[in-house]
Amino acid sequence: MPPLKTTRIALVLFLSTLGNSPVVAQEPSPPEQQLESVFPKKPPYSPYANRHFPERVYWGDTHLHTSFSMDAGAFGCRLVPRDAYLFAKGKEVTASSGQQVRLARPLDFLVVADHSDGFGFFPLIFNGDPKVMADPQGRRWNEMIMSGQGAAAAIDIITSFGKGTISKAIFPVPGTASYQGAWEEVIKAAEDANEPGRFTAFIGFEWTSNTGGNNLHRNILFRDNASKASMVEPYTTQKPSGSDNPRDLWKWMAAYEEKTGGQVLAIAHNGNLSNGRMFPIIESFTGKPIDREYAETRAQRERIYEVTQIKGDGEAHPFLSPNDEFANYERWDKGNLDLTVKKKPEMLEFEYARSALRNGLKLEQELGVNPYKFGMIGSTDAHTGLAAIDEDNFWGKVSASEPSPDRATHAFLKTENATIMGWEQTASGYAGVWSTDNTREALFDAMQRKEVYATTGPRMIVRFFGGWNFDANDANTRNPAVAGYAKGVPMGGDLSNAPASKSPTFLVAALKDPIGANLDRIQIIKGWLDAKGETHEQIYDVVWSGERKPDSKTGKVPQVGDTVDVPNATYTNTIGSSELIKVWKDPQFDPSQRAFYYVRVLEIPTPRWTAYDAKYFGIQMPPEVPMKGQERAYTSPIWYTPGK
Amino acid sequence: MKLLREPLLHFLLLGAAIFVTFSLLSRHKVDKPGEIVVTQGTLENLVTGFTRTWQRPPTQEELRGLTTDYVREEVAYRRAVAMGLDRDDTIVRRRLRQKLEFLSDDLSDRVMPTDADLQGFLQSHVDNFKTETTFTFRQIYLNPQLHGTNLHRDETRLLADLHRAGRQSDLTSLGDPFLLPQSFQDISLSEVKKVFGDQFASGLSAVASGRWQAGVASGYGVHVVYVVQRNEGRLPSLTEIHDEVRRQWLDAKRGEATDKLYQTLLKGYTIRIEQPEEKKVAQVR
Numbered sequence: 001m002p003p004l005k006t007t008r009i010a011l012v013l014f015l016s017t018l019g020n021s022p023v024v025a026q027e028p029s030p031p032e033q034q035l036e037s038v039f040p041k042k043p044p045y046s047p048y049a050n051r052h053f054p055e056r057v058y059w060g061d062t063h064l065h066t067s068f069s070m071d072a073g074a075f076g077c078r079l080v081p082r083d084a085y086l087f088a089k090g091k092e093v094t095a096s097s098g099q100q101v102r103l104a105r106p107l108d109f110l111v112v113a114d115h116s117d118g119f120g121f122f123p124l125i126f127n128g129d130p131k132v133m134a135d136p137q138g139r140r141w142n143e144m145i146m147s148g149q150g151a152a153a154a155i156d157i158i159t160s161f162g163k164g165t166i167s168k169a170i171f172p173v174p175g176t177a178s179y180q181g182a183w184e185e186v187i188k189a190a191e192d193a194n195e196p197g198r199f200t201a202f203i204g205f206e207w208t209s210n211t212g213g214n215n216l217h218r219n220i221l222f223r224d225n226a227s228k229a230s231m232v233e234p235y236t237t238q239k240p241s242g243s244d245n246p247r248d249l250w251k252w253m254a255a256y257e258e259k260t261g262g263q264v265l266a267i268a269h270n271g272n273l274s275n276g277r278m279f280p281i282i283e284s285f286t287g288k289p290i291d292r293e294y295a296e297t298r299a300q301r302e303r304i305y306e307v308t309q310i311k312g313d314g315e316a317h318p319f320l321s322p323n324d325e326f327a328n329y330e331r332w333d334k335g336n337l338d339l340t341v342k343k344k345p346e347m348l349e350f351e352y353a354r355s356a357l358r359n360g361l362k363l364e365q366e367l368g369v370n371p372y373k374f375g376m377i378g379s380t381d382a383h384t385g386l387a388a389i390d391e392d393n394f395w396g397k398v399s400a401s402e403p404s405p406d407r408a409t410h411a412f413l414k415t416e417n418a419t420i421m422g423w424e425q426t427a428s429g430y431a432g433v434w435s436t437d438n439t440r441e442a443l444f445d446a447m448q449r450k451e452v453y454a455t456t457g458p459r460m461i462v463r464f465f466g467g468w469n470f471d472a473n474d475a476n477t478r479n480p481a482v483a484g485y486a487k488g489v490p491m492g493g494d495l496s497n498a499p500a501s502k503s504p505t506f507l508v509a510a511l512k513d514p515i516g517a518n519l520d521r522i523q524i525i526k527g528w529l530d531a532k533g534e535t536h537e538q539i540y541d542v543v544w545s546g547e548r549k550p551d552s553k554t555g556k557v558p559q560v561g562d563t564v565d566v567p568n569a570t571y572t573n574t575i576g577s578s579e580l581i582k583v584w585k586d587p588q589f590d591p592s593q594r595a596f597y598y599v600r601v602l603e604i605p606t607p608r609w610t611a612y613d614a615k616y617f618g619i620q621m622p623p624e625v626p627m628k629g630q631e632r633a634y635t636s637p638i639w640y641t642p643g644k
Numbered sequence: 001m002k003l004l005r006e007p008l009l010h011f012l013l014l015g016a017a018i019f020v021t022f023s024l025l026s027r028h029k030v031d032k033p034g035e036i037v038v039t040q041g042t043l044e045n046l047v048t049g050f051t052r053t054w055q056r057p058p059t060q061e062e063l064r065g066l067t068t069d070y071v072r073e074e075v076a077y078r079r080a081v082a083m084g085l086d087r088d089d090t091i092v093r094r095r096l097r098q099k100l101e102f103l104s105d106d107l108s109d110r111v112m113p114t115d116a117d118l119q120g121f122l123q124s125h126v127d128n129f130k131t132e133t134t135f136t137f138r139q140i141y142l143n144p145q146l147h148g149t150n151l152h153r154d155e156t157r158l159l160a161d162l163h164r165a166g167r168q169s170d171l172t173s174l175g176d177p178f179l180l181p182q183s184f185q186d187i188s189l190s191e192v193k194k195v196f197g198d199q200f201a202s203g204l205s206a207v208a209s210g211r212w213q214a215g216v217a218s219g220y221g222v223h224v225v226y227v228v229q230r231n232e233g234r235l236p237s238l239t240e241i242h243d244e245v246r247r248q249w250l251d252a253k254r255g256e257a258t259d260k261l262y263q264t265l266l267k268g269y270t271i272r273i274e275q276p277e278e279k280k281v282a283q284v285r
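Chains as they are written, first to last, in the working numbering: chain A, 1 to 644; chain B, 1 to 285.
Because the hints were derived from the structure by calculation, they are not lab data. Note that beta-carbon positions come from the ideal geometry of N, C-alpha and C, so glycine has one too. Just to be clear, a hint being listed does not mean it is correct.
As the list claims (entries may be wrong) - Now the in silico label distances, taken between C-beta atoms and shown as ranges:
1. B/250 - A/418: 45 to 55 Å
2. B/202 - A/149: 47 to 57 Å
3. A/590 - B/173: 36 to 46 Å
Claimed, not checked - Part of the chain A face toward chain B, derived, beta carbon under 7 Å:
4. 55
5. 128
6. 461
7. 478
8. 511
9. 515
As the list claims (entries may be wrong) - Below, a list of computed lysine to aspartate or glutamate pairs in the DMTMM-like style, where the Cα atoms sit at most 20 Å apart:
10. A/188 - B/251
11. A/288 - A/248
12. A/131 - B/74
13. B/32 - B/73
14. A/288 - A/366
15. B/99 - A/129
16. A/582 - A/547
17. A/334 - A/349
18. A/251 - A/233
19. A/644 - A/530
20. A/131 - B/89
21. A/89 - B/127
22. A/91 - B/244
23. B/130 - A/195
24. A/556 - A/541
25. A/131 - B/73
26. A/89 - B/198
27. A/188 - B/244
28. A/288 - A/244
29. B/130 - A/92
Go ahead and model the full structure; you've got the sequences and the hints to work with.
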């Protein structure tokens with residue numbers, strides 16, 4: 001087929017000019033051998049063959065509440081798990097506030113994760129279940145809700161739950177008919193909504209350890225279908241059948257797997273509201289340093305962490321990372337979950353993902369296992385049945401904070417210690433999962449291998465590979481993933497045994513959300529443990545848009561600019577890049593030191609949900625309310641461990 | 001006799017029958033003032049309820065207690081209703097409404113649609129059941145930021161070269177680096193929207209199969225596209241989706257039955273809604 005070959009050559013020449021590489025000599029045609037080097041291998045006839053790696057990111061929320069969660073119900077949520085799945089699939093629903101709502105784009109998967117304590121409690125109160133009405137406390141809550149004091153009832157219910165003063169007679173516990181009924185309904189909703197290949201509806205629940213108001217919550221996600229999940233009931237924190245200690249949760253998980261042959265995973269969240277207990281070095285339950293068993297079990301059971309959500313962003317804190325000008329993002333650091341105890345600076349180290357990743361290296365040195373070797377995802381934690389966290393389509397943390405003129409200026413939570421205002425809610429986040437298929441099994445397995453990343457809402461595509469032999473050309477190939485998987489490990493992977501005099505190289509690429517904002521820059525964040533046993537962190541600007549020059553002193557790339565028109569809640573993509581790709585080599589690598597590397601992708605500034613609210617409702621926000629921000633993605637790290 | 005096979009008629013007849021039965025039953029019970037009868041059935045219910053809670057049957061003494069309590073509940077209930085205590089109680093009102101609607105809900109479970117009913121429903125709700133159009137296609141991406149003002153020229157040249165090579169072109173070195181695959185197989189239009197955005201999806205829909213075409217834009221830039229195969233969405237036959245059609249048919253009938261219920265109930269009522277003197281209600285946009 002001579003004509004075809006000629007065409008190919010012409011194409012190669014033409015594209016070399018496109019790709020900014022040196023122009024290759026014009027006709028006549030190069031000899032056959034040279035052709036072979038340009039086309040080293042003829043690809044298979046079927047372009048779909050030989051692809052065993054994930055080619056697509058699937059988007060979802062692993063953490064959504066419905067009225068089956070007692071706090072959600074008390075705050076006005078009337079949507080049930082079935083509604084939540086329909087909404088995630090892109091259907092229009094009527095929100096609890098009576099307004100019509102729909103997502104701009106459907107999600108690919110969803111976990112309805114209602115609180116296991118008091119599972120289905122709220123519908124019992126709301127519907128005036130005879131047993132509830134026979135109890136003075138239950139009757140009081142019912143009457144409060146019926147007379148429009150749902151919010152006050154919600155706080156009272158949550159506080160009573162925290163203190164353990166909810167009447168035993170009315171509280172649904174595992175083993176009772178009402179509890180089983182609620183669990184069956186949750187399972188059925190997931191089974192009905194699950195469409196392998198099109199939409200994945202996971203079975204799940206949230207284990208809500210909250211002793212003293214300190215958030216140690218975990219979402220539990222089943223790889224399995226109803227036949228296995230219905231062999232157990234969700235694990236609770238209430239003694240004697242449950243426990244507030246994560247070690248007991250891990251035992252329950254092991255017992256489930258033993259009993260059914262299935263698999264579950266646990267995802268912790270909101271370390272920022274744990275008051276120093278989420279990533280401990282000293283266990284709060286015993287007051288003793290964590291041991292190898294803790295480290296091993298946690299590393300096995302909790303392979304990913306929910307790093308960003310409506311109750312704040314948990315990647316990094318300016319107190320811990322004073323040189324990181326992007327660390328001060330959507331910060332919630334006034335106290336614990338119910339604001340009963342104020343935050344102290346010394347707690348922060350044990351709350352944020354970056355410091356936990358650093359402490360993990362230290363603990364691995366001491367214990368032989370890194371308990372905090374986690375990948376990162378975002379999710380909503382919305383209590384509305386609506387996984388809606390786009391800045392221009394934000395439906396709030398609870399049904400009482402669905403769109404209204406005063407939702408931003410009303411206190412969200414107020415105690416004698418502090419106040420969190422409505423505007424402090426963060427419109428965040430989603431989980432991006434690199435999976436070979438959109439099924440429970442494939443997505444679950446991708447989470448277990450940490451091939452996942454977090455975003456604060458935009459669906460940007462992020463690739464991150466580490467290896468020893470990436471070179472600049474790998475960033476110029478048309479499909480960087482081919483080189484990425486061939487020469488390295490993807491996000492969530494491990495490097496070890498550094499070849500002599502080699503430093504690790506990384507292939508990193510990001511593509512903007514197709515309907516979203518351009519990208520400002522890609523950063524690689526490195527953490528390491530030095531010979532003295534101290535941890536460090538360094539942020540590298542790796543690739544950025546435009547012609548900006550890094551500052552000669554700090555090495556930092558200047559700000560990208562700002563096109564946000566706050567009064568009109570608009571921005572333009574006249575700055576930033578739609579795509580950024582680069583191969584980067586660690587300039588300060590020491591093969592004897594443990595290290596991790598993860599990627600942070602920043603968008604150009606865009607209007608925050610408060611700006612969309614101000615425009616829509618025609619209101620003036622108080623001066624302290626942020627009206628724009630730089631949305632972002634965080635990938636799972638790649639770890640380097642010295643060989644033995 | 002088409003009327004006899006009309007499902008709505010079944011609803012109405014069944015509904016009427018059940019309402020009559022219920023009202024007869026309850027009249028029978030309430031109609032003897034000054035007498036409370038604890039029937040054998042009631043006693044059995046009390047025993048069952050107790051057994052379910054305590055995992056054992058009640059003792060004689062406990063059963064006496066339950067019975068006394070039942071009698072008290074009944075007499076209190078009658079007095080409370082007579083005094084009209086149920087009228088301004090939101091919870092009671094809501095429960096009663098629920099029960100009434102449940103009755104009409106229950107009815108629809110008993111009406112079995114014929115295949116002819118379902119076929120008719122399928123034909124009149126084509127959009128609910130039509131499968132999506134799917135595409136098998138290849139795309140080559142050009143990044144506007146790399147081409148600047150030459151974008152259009154470069155796109156035209158790429159297209160001309162691709163035309164010459166046809167479907168067999170080796171794409172691995174064409175276009176600009178891009179994180180999305182160059183080839184997609186049997187992907188539905190809604191999935192295309194998720195991956196590339198709406199703009200690209202409508203562009204792709206307009207592309208003829210079997211040749212390279214330029215000028216398909218997305219939020220990323222421009223794409224030269226080759227649609228290998230396009231499978232139009234089609235209406236599956238009833239046998240393929242029988243259960244789904246039946247589910248939706250029942251949903252629709254439930255809705256109709258509820259509407260009908262309220263129409264019937266509201267007959268003989270005039271509804272007068274008093275207007276507030278000044279409209280102070282905030283307009284929700």
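Against the structure, the hints:
1. B/250 - A/418: 45 to 55 Å: 52 Å, holds
2. B/202 - A/149: 47 to 57 Å: Roughly 49 Å apart at Cβ, these two residues keep to the hinted range, so it holds.
3. A/590 - B/173: 36 to 46 Å: 38 Å, holds
4. 55: 5 Å, holds
5. 128: 4 Å, holds
6. 461: 5 Å, holds
7. 478: 6 Å, holds
8. 511: 4 Å, holds
9. 515: 5 Å, holds
10. A/188 - B/251: 18 Å, holds
11. A/288 - A/248: 17 Å, holds
12. A/131 - B/74: 18 Å, holds
13. B/32 - B/73: Status holds; Cα separation ~17 Å.
14. A/288 - A/366: With a Cα-Cα distance of about 15 Å, the restraint between residue 288 of chain A and residue 366 of chain A holds, given a limit of 20 Å.
15. B/99 - A/129: 14 Å, holds
16. A/582 - A/547: 15 Å, holds
17. A/334 - A/349: Cα-Cα ~15 Å, so holds.
18. A/251 - A/233: This hinted pair holds, its Cα atoms lying about 14 Å apart.
19. A/644 - A/530: 17 Å, holds
20. A/131 - B/89: 18 Å, holds
21. A/89 - B/127: Holds. Residue 89 of chain A to residue 127 of chain B sits at ~17 Å (cutoff 20 Å).
22. A/91 - B/244: Holds. Residue 91 of chain A to residue 244 of chain B sits at ~17 Å (cutoff 20 Å).
23. B/130 - A/195: Answer holds: residue 130 of chain B to residue 195 of chain A is near 17 Å, not above 20 Å.
24. A/556 - A/541: Cα-Cα ~7 Å, so holds.
25. A/131 - B/73: OK: residue 131 of chain A and residue 73 of chain B at ~15 Å, within 20 Å.
26. A/89 - B/198: The hint holds at about 16 Å.
27. A/188 - B/244: Judged against 20 Å, a Cα distance of about 16 Å means the pair holds.
28. A/288 - A/244: This hinted pair holds, its Cα atoms lying about 17 Å apart.
29. B/130 - A/92: Holds. Residue 130 of chain B to residue 92 of chain A sits at ~19 Å (cutoff 20 Å).
When held up to the earlier numbered hints, the structure conflicts with none and fits them all.
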